Amino acid sequence: MIRVKDVTKVYENDGTVTEALSGVTFNVDRGEFVAIVGPSGSGKSTLMHILGALDIPTSGEYILNDSVVQNLSDDRLAEIRNNEIGFIFQSYNLLPRMSALKNVILPMMYAGIGKAERTKRAMEVLKELDLEDKINNAPNQLSGGQRQRVAIARALTMNPSILLADEPTGNLPTLQSDEIISLFEKLNKSGRTVLIITHNDEIAARAQRVITLVDGKIVKDERKRK
Amino acid sequence: MTFLETLEESVSVLKVNRMRTLLSILGIVIGIGSVIALMTLGEATQRSITDRIQSLGANLLTIRPGSQQQGFLKMNSTENTSLKFDDALAIQESPRITTVSDVSAEYSSRSQVSFERNNTNVQVTGVSGNYFEIRNISIEIGSSFGPSASDNYEKVAVLGPTVVEDLFGENANPIGQSVRIGSSTFKVVGVTKSSGTGGFSGSDEAVYVPLTVAQDIIFGKDYVSAVYVVAKDQTVIDAALNQVGFFLLERHSKENVEDADFSITSQEQIIETVSEVTGTFTTLLTGIAAISLVVGGIGIMNIMLVTVTERTREIGLRKSLGAKRKAIVMQFLTESIILTIIGGLIGVLIGLGVSMIITSKMSLPTTISVGSIFLSVGVATVIGILFGWYPARKASKLQPIEALRYE
Ligand SMILES: Nc1ncnc2c1ncn2[C@@H]1O[C@H](COP(=O)(O)OP(=O)(O)OP(=O)(O)O)[C@@H](O)[C@H]1O
Ligand SMILES: [Mg+2]
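Just so you know, the sequences run in chain order Z and L. FYI, full-length UniProt numbering numbers position 69 of the first sequence as 69, with every residue one higher than the one before it. FYI, full-length UniProt numbering numbers position 18 of the second sequence as 18, with every residue one higher than the one before it.
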């Protein structure tokens, strides 16, 4: 369902040219659980943004569910971001000054889900992530780990078929981190495709497939037999 | 998202970002308020000036005795006796003078005026004809006296408010009382309006009596100090000046204009100066309005643009969660409209309040400059909405990641 063909991403700032991705090609099938690893600055987040339809490649093609993402209309892309992909940012990206509940509700609001229904769903997900007593706190009134969990909750509320997580457990203690990964495994078992960036070998070990990026290139792509 | 939801979302964003909201509203309030206050003040001042000029009588010619050229210094030490009441009569009655509608003469000199034990030394003016109408002197209480008073040697007097205060005390009603002027007794029939409250021409420190009484009984003089001639309308002022001038020249048996023993000044000269002044004033007003609009506009623009970084990130985030371009533009537009409506209302109220306080403190006519309200609200709304909407529209076209990284 995900096909990445010779994708490059070049950043140009004040004459300095950075090639964050240089010719990345791979496919991900429906229901896979993929870990993306690699040193800092190797292009993992850049790749994830492209997969999440949040950015466009400089060259190459990204095909999602048989359509070339670059060619889709802005509105269609919004729909894909809204109900097909759940994206967890490395830096959370919560709406400042708005409560945790409001942040989780936001995608459902854009999906046109009714007020009662979206509040109910948001509460359920927040509860599952142990945040029921923090629903009225704004992001700046939450700890790093709590913010990370609000960001995860927000990505899950729309029941996306693809979950893209950029270091979703970087700020969480091992126990909670394990719980989140178990949650991802559960979602994966129920048919969802999960791609997760991680620096944690244990988490990578739990994935069925590990893609290693170095300097914007895939240097290793291992599939495990379970 | 429905319209109601967009509205709800905008209100919650405005509520949550209290400081930003207050500053934006303040920018709009100041922008609108200052334009309205400045323009109202300007218009009120302009109106007050033109009102006062109009009250001087635009069609008036003043004839004074004495030659036109007296060297560099105007010699006032010796009284000029060349102008007589008969001259005024002749101007009025001559069939050759066709451009004049009314004539009045005055003789003016200082004299002692007393009531019981109070006395004061003031300018006493003997007047003939419809002097009060011609010179636009308004009466506050009682009435003035007409042309017949002079013909019949009536001993009546109209006092200026300062004279009333000096003789009778503050807020006294002197109508019907008798005052002594020189050695005669006069019945007070009227009090003129104070020049501070709209009676511009005429002095507060004046006493008016019929001309014949002043000439024969008080001062014992047979000449007048000025003759006022009213031209039929503004277009014949120059013609009237020439007609009266040559008529008097002939009456006084003078050959050349240089020999004239009188001078005529027209109100038109004053009017010309004044219209120059009001012209400058109008330009000034337009300038003030333009500057305050620009200042107010920049204020609004700034506060809208200051938040652009934060707002761009917000737009990036909303887009990455599935907001369509239209939803974003609608939200920001709604926010701007709410801000300009609230700021606009407060601004109009404050602007009107401030201008009312200032005009009443300066005893200017209270005008509401409707133009300034429309202008300022219009410009503030356009700027507020433009600078709320335009950056939002621009940001909504970025890739979500680019907007999120915006600095
Ligand atoms: N907007 C940008 N402009 C210029 N260079 C950029 C930009 N964003 C990323 N880069 C560069 O692209 C490269 C890849 O960045 P990326 O964020 O994808 O790394 P990463 O693998 O996610 O690293 P980390 O593990 O530290 O999160 C880096 O060298 C980075 O400096
Ligand atoms: Mg990264």
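It should be emphasised that the hints constitute simulated quantities derived from the structure, not laboratory data. Mixed in with the good hints there might be a few duds.
Sample of chain L residues facing chain Z (criterion: CB under 10 Å; computed from the structure) [what the hints assert, rightly or not]:
{"hint": "1", "residue": "L7"}
{"hint": "2", "residue": "S10"}
{"hint": "3", "residue": "V11"}
{"hint": "4", "residue": "V13"}
{"hint": "5", "residue": "P65"}
{"hint": "6", "residue": "E255"}
{"hint": "7", "residue": "R313"}
{"hint": "8", "residue": "L321"}
{"hint": "9", "residue": "P400"}
Far from chain Z, some chain L residues (derived; all Cβ distances over 10 Å) [stated by the list, open to error]:
{"hint": "10", "residue": "S12"}
{"hint": "11", "residue": "N17"}
{"hint": "12", "residue": "I30"}
{"hint": "13", "residue": "S48"}
{"hint": "14", "residue": "A239"}
{"hint": "15", "residue": "Q243"}
{"hint": "16", "residue": "L317"}
{"hint": "17", "residue": "S320"}
{"hint": "18", "residue": "A323"}
{"hint": "19", "residue": "A327"}
{"hint": "20", "residue": "V348"}
{"hint": "21", "residue": "M362"}
{"hint": "22", "residue": "Q399"}
{"hint": "23", "residue": "L404"}
Quick caveat: nothing in here was measured; it's all calculated off a predicted structure. Idealized CB from N, CA, C, for every residue including glycine.
Hints and how they fare:
The beta carbon of L/L7 comes no nearer than 13 Å to any beta carbon in chain Z, farther than 10 Å, and the hint placing it at the interface is violated. Given hint, L/S10 at the interface with chain Z, is violated; its Cβ is 13 Å from that chain's nearest Cβ, farther than 10 Å. The beta carbon of L/V11 is not positioned within 10 Å of any beta carbon in chain Z (closest approach about 13 Å), and the interface hint is therefore violated. Hint on L/V13 holds. Least Cβ distance to chain Z is approximately 8 Å, under the 10 Å limit.
For L/P65, the interface hint is violated, the least distance from its beta-carbon to any beta-carbon of chain Z being 84 Å, above 10 Å. Taking 10 Å as the C-beta cut-off, the interface hint given for L/E255 is violated, the closest approach to chain Z being about 92 Å. A cut of 10 Å between beta carbons decides the hint on L/R313: the least distance to chain Z is about 8 Å, and the hint holds. At a threshold of 10 Å, the smallest CB-CB gap from L/L321 to chain Z is about 4 Å, leaving the interface hint in force.
Hint status for L/P400: holds, given a least beta-carbon distance of 5 Å to chain Z, under 10 Å. For L/S12, the shortest C-beta to C-beta distance to chain Z comes to about 8 Å, within the 10 Å cut-off, and the non-interface label is violated. Its closest Cβ contact with chain Z, about 6 Å, brings L/N17 to no more than 10 Å, contrary to its assignment away from the interface. Non-interface status of L/I30 relative to chain Z is upheld: no Cβ of that chain comes within 10 Å, the nearest being about 25 Å off.
At roughly 51 Å, the least C-beta separation between L/S48 and chain Z is larger than 10 Å, which holds for a residue marked as non-interface. For L/A239, the non-interface assignment is confirmed: its Cβ lies about 78 Å from the closest Cβ of chain Z, beyond the 10 Å cut-off. Listed as a non-interface residue, L/Q243 keeps its Cβ farther than 10 Å from every Cβ of chain Z; the least gap is roughly 83 Å. Interface exclusion of L/L317 from chain Z breaks down, the closest Cβ pair being 5 Å apart, not more than 10 Å.
Not every CB of chain Z lies more than 10 Å from the CB of L/S320, the least distance being 5 Å, so the non-interface label is violated. Distance check for L/A323 against chain Z: the nearest CB is about 5 Å away, which does not clear 10 Å, and the non-interface claim fails. Annotated as non-interface, L/A327 brings its C-beta within 10 Å of a C-beta of chain Z; the closest such distance is 6 Å. Every beta carbon of chain Z lies more than 10 Å from that of L/V348, the smallest distance being close to 30 Å; the non-interface claim holds.
Look at L/M362: its CB is around 46 Å from the nearest CB on chain Z, clear of 10 Å, so calling it non-interface holds up. The non-interface label for L/Q399 is inconsistent with chain Z: the shortest C-beta to C-beta separation is roughly 5 Å, within 10 Å. For L/L404, the shortest C-beta to C-beta distance to chain Z comes to about 6 Å, within the 10 Å cut-off, and the non-interface label is violated.
Figure legend: structure checked against the earlier numbered hints; hints not met, in rising order: 1, 2, 3, 5, 6, 10, 11, 16, 17, 18, 19, 22 and 23.
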